[in-house]
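Chains A and B, in that order, are what the protein sequence lines are.
Each residue of the first sequence is one higher than the last, beginning at 2 in the numbering used here.
Each residue of the second sequence is one higher than the last, beginning at 23 in the numbering used here.
Worth double-checking, as some hints may not be accurate.
Said to hold, decoys possible - Covered by chain A, according to a simulated footprint, are these stretches of chain B (three or more residues, beta-carbon under 8 Å):
(1) 120–133
(2) 162–169
(3) 228–237
(4) 282–291
(5) 321–331
These are computed hints drawn from the structure, not numbers from a lab.
We put the CB at the ideal spot given by N, CA and C, even for glycine.
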Amino acid sequence: MVNEFDVIVIGAGFAGLSAATAAANGGRVLLLAEGLGFIADLPSTIELMGYLPGRPGYVGRPWDELAGLIQYRDHPYAKIPARILEQSLNMFVETVSIMGLPYEGDQGQNTLLAGPAGVPRPAYLAPYTMAPGRVDDRSPALVVGFDVHKDFYPEYLVANLNRFRKVSGWGAEWRAAVIHVPGHAERGLNSQELAVLMRDPAFRRHVVAEIRELLHSEARVGLPPVFGLDAQGTRQVYQELVDGLDRQVFEIPTLPPSPPGIRLATEWLRYLRRMGVKVSLGFRVKGVTAENGRVSGVIVNTPARAGVHRCRSLVLATGGFWGHGLSGLAAGEVRESVLGLPVRLLAPPEAWGEDAVFRPQPFVRFGVATNAHLQPVDENGNTLYENVFVAGRLLGGYDPYEEGCGEGVSLASGYYAGMLAVSRGVVGE
Amino acid sequence: MVGNALDQCLKCTICNTACPVAGVDPSFPGPKYAGPELGRLIRGPEPPADNVLDYCSNCRSCELACPSGVPITSLIRANKAAAYRHKRMPLANRLFARVDQLGRVAAVAAPLSNAVARAWWAQPVLARLGISTGRPLPAYHRQTFRAWFSRRPVRPAPKRIAYFVGCYANYNDPDVAKATVAVLEHNGYQVLVPEQRCCGLPALANGDEDQARKNAVFNLGQFLPLVEQGYEIVTACPSCALTLKRDYPELLDNPEAAELSRHVWELGEFLRRLAEEGELQSDFGKVPGRLAYHLPCHTRSQGMGEPWTDVLGQVPGLKVEALDAGCCGLSGTYGFKAGHYETSMAVGQRVFEAVNSVRPDAVVTECGTCAMQINHGTGVKVVHPAILLREAYSRRWPRGGEDAIRASE
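Using the sequences and the hints given, assemble the complete structure.
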């Protein structure tokens, strides 16, 4: 009953969960995070590499184009061996399949899916509930919204998609429709609340009947992401819609809260607990104990008394500015939150932000400097803690928005960090 | 102390995804609105008159999910208290804010009070009071734990514990309290039960901050002098533990409450620490059984892992499987209120399904109200871990120990 772990992972986003999954087979693992990670806000698709900065259009075959990112020494993909990147994706696909949320891809190619506003987004892997929604597909689709849904506008979405179709010459004509939901008109509902309603068999029958009235010859029906909040419920709703409509059915992601993200986060945490990983969410890590360049324990800000957990290795997957792994952007003094590690700032403060909001923002590339083994280093490249491995958004040198690589970097660096941590720095080549 | 924390909210909505009530009832706009957002509106001269605050069950799941450290539940409770400064508090809230006064009256009248609560003619009265008639009310014992304990001879021992009993163990399930004493005594502690009142959590959850503060001040006055004499405070109720640890410093905002909180231990947490230091009596007899463990929300909120899983893991013969099915839905007094019964049962559905699929000999959980809910929802027997531990010790105890158990029954 000794409170000692082989690996402590801090962070419950894609990187933290990936690290914990990788380490779970090799030792005792504790996952700590201040809260539930931001997965529950995300569409839950996996982007590996969607764009190459400076080149217009989408990347079709990310494995052929990775060299375009790897040429930058600081890019996480330059540090993670290709074999590890591939293993991390395989691990993810296996894990979600065990969880009952299988993902699909297109033999190493990106697929184009509709974003919330109808702008196509390249995804490398997508949950089975989204994969049939390709916009570069020749079959027409009917997009159905709910009149009480605050965050999903089918006409707007379809208008944008059809504009894209005219420009690119890809895809097929999509059509929009809205069905009525009795009650709830006063306040309106979000995707999570609609997913709760979808648990009611009578409501599902109503939805199926309404859509059947609206369907023409479309082979597919797209809906906002409301199929369910866990794996089992989602499978049931999906199957009932497919059977009831006799069409392919898919979800289109929209604003938070995101049921596809909620079910991924919920089931993944449950999977980790079943694998024997101890999970403690809700409390900020306020510091560590360290001796001779090694972290020996983590101090957590729990009520009444700080919790102290001893560890052999630490994976730091606390996120970037949004996840509070980094802070101080507004104050002009950026710091890493747990260990006070040096942050590589790639520009003087007056150039941290770009005035045009949708242009790439320089601060997005800020992050903790690491060596090729993801260990944090000082300005001269000396390793600061030999048993600390950095993963996910806390790493600098990349822009997940400009490069379309957010989940890929987090899964791969998390996996690599987890493997390095559990094997104490040695992962066989 | 809590007020400015609403500025930390990024509006990311993660709290809403973790809320058990929002997870079953789409008419609740969720903790983000009820906490940080209403927290701004309610400071105005005319606070909003909607009833969203009534949906919150005070389980604290939202706070654990928040990635930005916003004390959402505390904000919701502060909003409730602010709202009731402008409008009348419902009768059920006022009753449930005073569970210990209720207990004192009901215990004196037991078992008649239990029969009355179950009588057909009493149901419309309960409904008028705003109390749900969908579930049985907890039964009261004529002899409360504290009455029993006060007649018991002192058992001197070198190490000392001040025991915070809590209303549920005192009035509704005295055997849990007796088992707690037996387990602590077996580990060489002399148990002291000072004069005490309800921890104040039901009052906080029902929007009666003044009542909660009164209880906190009284309990602080009783227990702090003992802390200064070297006592540690132990309670076998996770909600009482959380309240003393977390809410007293927030509510009283003084260094004394902070000092008290550092010496409060949930029983399982205390025993696990003994085990870590090699000081837990390990003369357990075999207790064969397959149990399913339910983790109460208020244990989770203390950030101490699952102490009881660790401690029960030492008992030979006992197989404990985690249910891992989230909130049971009762949340103290919440599920006893009219209009909350269906919500409470819908939240608990996942727990009930998990119990039914595991088919254990019994469910084990350290929370008295979780126990009532799980038993109500599944019909499966639910046992407090202290009772299991007393049983394990009793199967190895020498003669004197056996007497101690008999005396406790």
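Are there hints from earlier that the structure breaks, and if so, what are their numbers?
1, 2, 3
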